[in-house]
Amino acid sequence: MTALGKAAGTAAGLLLSIGVCFPCLAQPQTAQVRPRQDTALTYNAHQYLQAEQQLEEALSRNAAQTVAQQLAENFTARTAAVASLDKSEWLRLQPSRARQAWIIRELNVQVLDDLCIVSFLRVNPQRPRQQQFIVDIWRDSKRQLLNRYESPIEVAPTSSNIRPDGKG
Numbered sequence: 375m376t377a378l379g380k381a382a383g384t385a386a387g388l389l390l391s392i393g394v395c396f397p398c399l400a401q402p403q404t405a406q407v408r409p410r411q412d413t414a415l416t417y418n419a420h421q422y423l424q425a426e427q428q429l430e431e432a433l434s435r436n437a438a439q440t441v442a443q444q445l446a447e448n449f450t451a452r453t454a455a456v457a458s459l460d461k462s463e464w465l466r467l468q469p470s471r472a473r474q475a476w477i478i479r480e481l482n483v484q485v486l487d488d489l490c491i492v493s494f495l496r497v498n499p500q501r502p503r504q505q506q507f508i509v510d511i512w513r514d515s516k517r518q519l520l521n522r523y524e525s526p527i528e529v530a531p532t533s534s535n536i537r538p539d540g541k542g
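Quick note: the sequence shown uses our numbering, first residue 375, plus one each step.
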């Protein structure tokens, strides 16, 4: 047997053993094009994360005109302390809280026809225990915020009494 014949035999043996060990590699593969179930959710979450960040940035710059464009004409807001605020009242109260830096975490988006329900935690990075739970309802076609619910969350401090042995 020549050296070329030995190499071909070895290569064929190697391919055969790969086919035995990994049957999926021995058979021709056909690409199956199926839409992923989470693609739309990931896309929507990304789109509304950007919309929420743009709103927060406009609020932090005190850009009332930009914020007003993102809010629907009949926008209403609710907080744990106030039953209902219309657009002008809510905008009037924003400069007092707008100077704080916020991080958006745990964003969730649910799409219902032309409405998107976006919920998330807004966290102050300088004071991580200072958090707010936000639920926004957006009109998707106009990308305008219709309603907002804001509620502060009490985050319990972590206990330093936990021992590394796991016994309390």
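Among the hints, erroneous ones may be present.
[Claimed, not checked] Here are the in silico distance ranges between beta carbons for each label pair:
1. Q504 - L481: 35 to 43 Å
2. Q428 - Q504: 20 to 28 Å
3. Q427 - Q484: 32 to 40 Å
4. A437 - A530: 19 to 27 Å
5. S434 - A454: 19 to 27 Å
Calculated directly from the structure, the hints in this document are not laboratory data.
Every residue, glycine too, gets a C-beta built ideally from N, C-alpha and C.
Results for each hint:
{"no.": "1", "hint": "Q504 - L481: 35 to 43 Å", "in the structure": "violated (18 Å)"}
{"no.": "2", "hint": "Q428 - Q504: 20 to 28 Å", "in the structure": "holds (22 Å)"}
{"no.": "3", "hint": "Q427 - Q484: 32 to 40 Å", "in the structure": "violated (19 Å)"}
{"no.": "4", "hint": "A437 - A530: 19 to 27 Å", "in the structure": "violated (36 Å)"}
{"no.": "5", "hint": "S434 - A454: 19 to 27 Å", "in the structure": "holds (22 Å)"}
When held up to the earlier numbered hints, the structure conflicts with 1, 3 and 4 and fits the remainder.
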